[in-house]
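A.B. asks: Quick note, the sequences are listed as chains E and C, same order. Each residue of the first sequence is one higher than the last, beginning at 1 in my numbering. Each residue of the second sequence is one higher than the last, beginning at 290 in my numbering.
Errors might be hidden in some of the hints.
Below, a sample of chain E positions facing chain C; criterion: calculated Cβ distance under 8 angstroms [claimed, not checked]:
1. A6
2. V8
3. L87
4. R89
5. A91
6. N107
7. S114
8. I224
9. F227
10. V270
11. F271
12. A276
13. P279
Okay, the calculated bits of chain E under chain C, using three or more residues with CB under 8 angstroms as the criterion [as the list claims (entries may be wrong)]:
14. 27 to 37
15. 98 to 106
The set of hints was computed from the structure by calculation and includes no laboratory data. What you are looking at is a predicted structure, and each value in this text was computed from that prediction instead of being measured. All residues carry an ideal CB built from backbone N, CA and C; glycine is no exception.
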Amino acid sequence: MTWVNAVVQGVLLGGLFALFACGLSLLFGTMRVINLAHGDLAVVAAFLAVEIVPVTHLPALLSFVIVVPIFLALGYVGQRTLIQTSLDRGAFTVLLVTFGLSVVIENMLLEVFSANSRSINIGSLVSKSIHVNAQISIAYLSLGIFVVAVVVLLGLQYFLSRSSMGRMIRAVADDQEASQLVGIDHRHVFGIAAAIAFATVALAGLAFGMYSSFAPTAGQERLIYAFEAVVIGGLGSLWGTLVGGIILGVAQTVGGQIDPSLQILAGNLVFLAVIAFRPEGIFKGRVEA
Amino acid sequence: MSLAPGTTLAESPTPPVRVTRSRRPLRWSIPLVAAVVIVLAALPYVVYSGTTDVLVNFFILVTMASMWNLLAGYAGLVSVGQQAFIGLGAYIVLLLGLHAVNPFAAVPLAAIGCGVLALPISLLVMRLRGGYFAIATWVVADSCEQLVARSQTLGGGTGAGVAGFAGANPTLLSANTYWVALAVTVVALLAVYLVLRSRLGLVLTAVRDNETGARSLGTRVTRAKRAVYLVAGAGCGAAGALLAASQRFVQPGSVFSVQWSAEMIFVTVIGGIGTIEGPIVGAAVFFILQQTLSQYGAWYLIILGVVAIAVAIWTPRGLWGFVSRRVHIRLFPVGYWVRAPGAGAAARHGEAEAGTGSDPGAPSAPPPDG
C-alpha cells in the first residue's frame, strides 16, 4: 500500500513539475530558446511572496495577486530588452546570457537573503489532507497545486488555439518570416509569450514555496526538473508536458520509497533512459506552442 | 559570390601567393611563451608557497576555461555540465589514492579516465542540440554527483580526504603541486593549440562558419564534435584531479558544483570566446577580481556574471578579441593568412577573407570587418 501511496504522491508532484515546465515549453516553442534562468525566476517569485506580500497583509494563498502581475510585466520587458537583444545575436548568446542571469540571480538572493531555507506560510492548510485509507492520504495543498497545473495547461491550450494572440504566437512559432510578411510584429508576440511564460513561472514558484521550504540555490534543480518533464513528455506538446511531469514525479517518489537518497537519481535515470531510447519523448512532439 | 576574392587573386599579375599561419611573422611568440613558462616554473624558488598555492587555482581555472572554450567556441557545444568531469577527475584521484597511487601520478590517469567516460556520455547528450544539450549535460553532472555520493568507500555525501600525502614536507608538497598544475595547464593549452591546427581544427572552423555547407562537402561533423567533447572531458578531468591534489579533500557537492561551469563560462566569455588566448586573459581578470573582492562573499561572481552578460551581447569577441583586432597579435596562430606579394587592394581583400579562418569568434559573432 505504501507503493500505491508513493505513486499517488508522485502523480500529484507531477502537477507541480508540469507547472514549472509549461513556461519553459512555451518559450522554447515560440522562440526556440531555452531560458536557463527559469528555475531561479521561480525562486525569486517565492521570495517575493515571503518578503513583500506580508507587508500588504494579504493572505499567503492570494500572493499570486501581487506576484503574477509583477512577473507578467517582468516577462514582457525582459523579453523586449535583454532576451530579444541576445536573440538577435543568436540562440548561442541567449544560452550564455540566461545562464549568466541564473548565476547572478542566485548569488544575489544568497547575498541579500542568506543561505537559510524558508517557506511561504499558509497556516494550517499545509497539514490538512483527505484520508483515503490508513496508508493513502492526499494533502489539500498537493491536490490544489495539481488542479492549478491542469487549469493553467487547459488555459494555455485554449488561449493558443482559440484567441487571436494565440494564433499569432503559433504563426510566429511556425514561420517567423512568413508571419512578419502578413504584418505580425514578432517582437511584440515574443514579449506576450514571455510574459505568459513568466507568469506561469511565478505560479510554479509560489506553489513550490508553499509545498516545501526553499533556499536561494533551489532554482537549479527546479530548472532541471522542468526540463526533464518537457523532454520526457515530448517537445512542444503541452499535454505531453503534464504526462512528463507525472512520470518524473512518480519516478522520484517511487525512487524515494526504495531509498530516500535515490529520489533525484531515479528521476534523472528515467530522463536519461528517455533520451537514450526515445529522444522524441513519450508523446511525439506535435508543435502546438 | 563567395568565390570572388579567390578569383581576383588568381587573375592578379603577381600569382605566387604565400600562405602563412599569422599575419605577422611569429619570431617572438614562441620564445615569449617559452620564457613565460620558464619563469613560472622557477617561481617556487623565488616566492613563498602562499603565492604558488594561489597560482595553482589560477592554473586550474585556465585549464577548465580552455576546455570549455574548445567545446563552445570551436565546436558550438554549449555545455553547463563540464563539472561532471571535474568531479569524476577528482574522484578518480581519490579512488586511486585508496589503492596507494600517488595523487600526482593519478592526474594523467584521471585525464585518460575522464576522456574514456566522456565517450558514453557523449553518445547520450549529443542526441540533443542547443539548449537541450546544455541542460542534458547538467543532468548528467547531477546524476554523477548522486551516484558518487552513494559510495561509502568514497566518503558518501560528506566526502573524504585524498590519501598519499602523509609525511611529505609541506614546502616540497606545495611546490610539487604547483609544478604539476603548471604542467597540466601547459599540456592542456598545447593540446588545444594542436587540435585547432590539425585537420580537426579545420573541420571545426568549417562547421562554425557553415554547418550545412560543411556537411554537404562530406565533413564528418558529428565525429569532429565528439572528438572535441572527449578532449574537453579529459582536460576537465585533469583540472578536477588537480583540484583534488591541491585541496587534498574531495566533497561531491563541491567538485560537482555548477559553479565550475559558471566560472568556465564567465572566464571564456569575458576573455574572448573562440580564441586560445581568451580564456587566459579572462582567467586573469576573474582571478584579480576574485582576490580583490574576496571579503565580500559572492559579489565577485555577481559582477563577473553581469560583465559576462554585457560582453556576450555587445562585444562577443571579448577582451582578447577587442585587443587583437586592433594590434593583430596571435600568440597561438591556428588559422591561415593568404598574402600576395606587392599586394593591391584586391590582395588585401583576399587576405582578410582568408583571415576569417584565423580569427575565430563565437559562432554567433558577425564576420570581422576587413
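A.B. asks: Against this structure, judge whether each hint is valid.
C.D. replies: A quick look at each hint next to the structure:
1. A6: Violated - the Cβ of E:A6 stays beyond 8 angstroms from chain C, reaching only about 19 angstroms at its closest.
2. V8: violated, 25 angstroms
3. L87: At 10 angstroms from the nearest chain C Cβ, E:L87 fails the 8 angstroms test, so the hint is violated.
4. R89: holds, 5 angstroms
5. A91: holds, 6 angstroms
6. N107: holds, 4 angstroms
7. S114: violated, 10 angstroms
8. I224: holds, 6 angstroms
9. F227: With a minimum Cβ separation of about 4 angstroms from chain C (threshold 8 angstroms), the hint on E:F227 holds.
10. V270: violated, 11 angstroms
11. F271: At about 6 angstroms, which falls below the 8 angstroms cut-off, the nearest Cβ of chain C leaves the hint on E:F271 intact, so it holds.
12. A276: holds, 6 angstroms
13. P279: holds, 5 angstroms
14. 27 to 37: Held - the stretch 27 to 37 of chain E has 5 residues with a Cβ nearer than 8 angstroms to chain C, which meets the minimum of three.
15. 98 to 106: This one holds; 5 residues, not fewer than the three required, reach chain C with a Cβ under 8 angstroms.
Violated hints, listed in ascending order, are 1, 2, 3, 7, 10; each of the other numbered hints is respected by the structure.
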